[in-house]
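Student: One letter stands for each residue in the lines below.
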Amino acid sequence: MSRHLERYLNSATQGLNSAERRELRDELRTHILERSRKHELEGLHPDDAIRESLRELGKPERIALPIIQRQLTRHASPLLLGGLICAVFGVTPPLTMTVTSRAPSRPIGAVVRTIPLATPDIARVVRLPLARNGAVVVAPIPLARDNSSKGQR
Amino acid sequence: VTQPVDPNLLKGNLDLILLEILEPEEMYGLEIINEAQSRTNGYFDFKEGSLYPALHRLENQGLLTAQHRDSSTGGARRKYYRITDKGRGVLIRKRLEWERFTSAMNELKGSI
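Chains A and B are the protein sequences, given in the same order.
Quick note, the first sequence lines up with residues 586 to 738 if you use our numbering.
Quick note, the second sequence lines up with residues 4 to 115 if you use our numbering.
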């Protein structure tokens, strides 16, 4: 069962940088073990107590994805300034980006298309095997354009 | 038995709820969940997994600050969250928003 717990912690913290990952893993592990002790006192077998605690905590990607999305949004600005996204999509700036997965629950946004990105931080996020097929999709969302950008496409 | 709260209502007001719970004293994750349930007689029963990204976001925004400490009862180290001055400012604003919203709803109800 401890292997089950470690697998959960891996999924719930995947894609975070090592310091953040270690911190969140410790925090979640403390939470799960403390919850499990309570379930054991209520009469559950230790394995079932862990299983119940994980069920209460919910799907691990629900923990990881909002944090990654926030990081990706933060890292997206320099990329956009560099024009890389414009070149890939042929879209007139300004843009913002969001990330979503092809997980069955589709927790964030809609899938638009996948793109390869070279920047290390983004690439690390894009490679996340959060979705069943291992794909995380980055989607461009055009913001309101000014007049000077109209008619360029 | 009280009917559980609509999850969307809870999700939409999660920041206000967390800041409200942490306003009097610092707490760690599980303690926050237990506090939310006990202070509302089980009505606020939010998805536990949604708590941690929200706490980390509020910490990143400077509304909360966190400190790792050993538990007072022994056992594992815990991450305690405490509201900051900036967080208190946001809490006051969000309380006002909520009061305006509920009073507007009451006006609607009274006007029927």
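Think of the hints as simulated: they come from the structure by calculation, not from any bench.
Just so you know, not all the hints are guaranteed correct.
Stated by the list, open to error - Covered stretches of chain B, as calculated for chain A (at least 3 residues, CB under 8 Å):
hint : stretch
1    : 58 to 64
2    : 98 to 112
What the hints assert, rightly or not - EDC-like mimics (lysine to aspartate or glutamate), calculated; alpha carbons at most 16 Å apart, straight line:
hint : chain 1 : residue 1 : chain 2 : residue 2
3    : B       : K50       : B       : E34
4    : B       : K82       : A       : E605
5    : B       : K82       : B       : E110
6    : B       : K82       : A       : E591
7    : B       : K50       : B       : D18
8    : B       : K50       : A       : E637
9    : B       : K50       : A       : E591
10   : A       : K623      : B       : E26
11   : B       : K50       : B       : E38
12   : B       : K82       : A       : E641
13   : B       : K97       : B       : D18
14   : B       : K97       : B       : E23
15   : B       : K82       : B       : E29
16   : B       : K97       : B       : D48
17   : B       : K97       : B       : E38
18   : B       : K82       : A       : E619
19   : A       : K644      : A       : E605
Yeah, the Cβ is synthetic: ideal placement off N, Cα and C, and Gly gets one too.
Student: For each hint given before, does the structure comply? Return the numbers of the non-compliant ones in rising order.
Tutor: 2, 5, 6, 9, 10, 12, 16, 17, 19
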